[in-house]
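Undergrad: Next come the chains, spelled out residue by residue.
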Amino acid sequence: GESVGLHLPTLSVQEGDNSIINCAYSNSASDYFIWYKQESGKGPQFIIDIRSNMDKRQGQRVTVLLNKTVKHLSLQIAATQPGDSAVYFCAEKDMGRRALTFGSGTRLQVQP
Amino acid sequence: DSGVTQTPKHLITATGQRVTLRCSPRSGDLSVYWYQQSLDQGLQFLIQYYNGEERAKGNILERFSAQQFPDLHSELNLSSLELGDSALYFCASSETTLGTGKSHGYTFGSGTRLTVV
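Top to bottom, those sequences are chains A and B.
The opening residue of the first sequence carries number 1 in the numbering used here; numbering runs sequentially from there.
The opening residue of the second sequence carries number 113 in the numbering used here; numbering runs sequentially from there.
This is chain B alone, in the form it adopts within the complex (with noise of 0.2 Å):
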């Protein structure tokens, strides 16, 4: 265990819906990241939280959103779904803004598997 829980873990649903994926960080930590990884991508990042605040955003789509709420666990929103945002959601955390204080980078959970069909 990890310490960074993701729920759920497994989620099907189809095109057009919205869903949330929830994340709560490692004690302790500030930062919460969120990446995703499908077939032909790898693991890119979507966005980063620190405390509360928006701090970082990579390729995240529009469609997409996220937050961090008081208790610092995060939420992805992903909205208008489509086929092509199957894929495995992670959410990672850390305990400063730029992640390479003594944890030594970031801490990931076990992911979010997300079918659309």
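Pulled out of the complex, with its shape left as it was, chain A reads as follows (with noise of 0.2 Å):
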């Protein structure tokens, strides 16, 4: 499940600093979302999700915000740790398409 070598970008912070990754979706239906973690030679994992009835939710050191109004959503990873290097994929769906779109990607570094 390697996504290295993949056109994308990054973002690099320190260990300890929060990390924000950013995602723009399109399409005004979408209804349901998601934040995958893909680490190489693995498959993408899930993170987190978010319905559109909601702005805010948190997990554990993560917490994803949702502006319905602009079609923005992030990912937001409190003090950020090297375990978290990673590409982070957004995808999304709405109620009527069985499938989940995936954004392109950002590479998460994590520096020491």
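It should be emphasised that the hints constitute simulated quantities derived from the structure, not laboratory data.
Please note: incorrect hints may appear among the correct ones.
What the hints assert, rightly or not - Derived pair list, reagent style DSS-like, types lysine-lysine, alpha-carbon separation capped at 30 Å:
(1) B:K169 x A:K68
(2) A:K37 x B:K121
(3) A:K37 x A:K71
Now that you have both chains on their own, put them together as the hints suggest.
TA: What follows is the structure in structure tokens.
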């Protein structure tokens, strides 16, 4: 499941800092959103999801914010750790479609 | 281990050939999705099956086909392979057709890396 070699925007942060990864979507009918993490050699892994009737949802060290007005989604990672280094994808779907549509991804690099 | 099993992990084949990728979904999941991840296009949805029936098609080429068997495992067949078909192919599974049930979206396998030479 390697994503090494993908031509992706990269976010570089220091260990312990907070990270914010952004995603814009285009389908105004989208009502369900997920953030996935893809580490080298693995498939995408679920991090957190949010439905369109919410604008914020928190998990362990992660928060997803949804702004439907501007069709923007963000993932905040608190106290970023080296193990957070990966490619992060947002994905969205609406009830009229049966499959998730993925964004292009952002590579997060955590500097020790 | 996500519970979704994909085989083989790596495949190298020549142009013009045909290959079959296999996926066993997580226990209890009825839906299987195939995605292609290439260098410049991220994760592209190919096709979805639910309980043996095709439910949705994405950007799947006519040279590609898939099926889901009674035991719910799925196979993706790629024929007349071209250099541009080199990519990672992921299978994902979910409980329901909409994939938004308690399983929180899709569970992905580790992928098959296809290299066409």
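Undergrad: Next, verify each hint and record whether it holds.
TA: Each hint tested on the structure:
| no. | hint | result |
| --- | --- | --- |
| 1 | B:K169 x A:K68 | holds, 27 Å |
| 2 | A:K37 x B:K121 | holds, 20 Å |
| 3 | A:K37 x A:K71 | holds, 21 Å |
The structure fails none of the hints (numbered hints given earlier).
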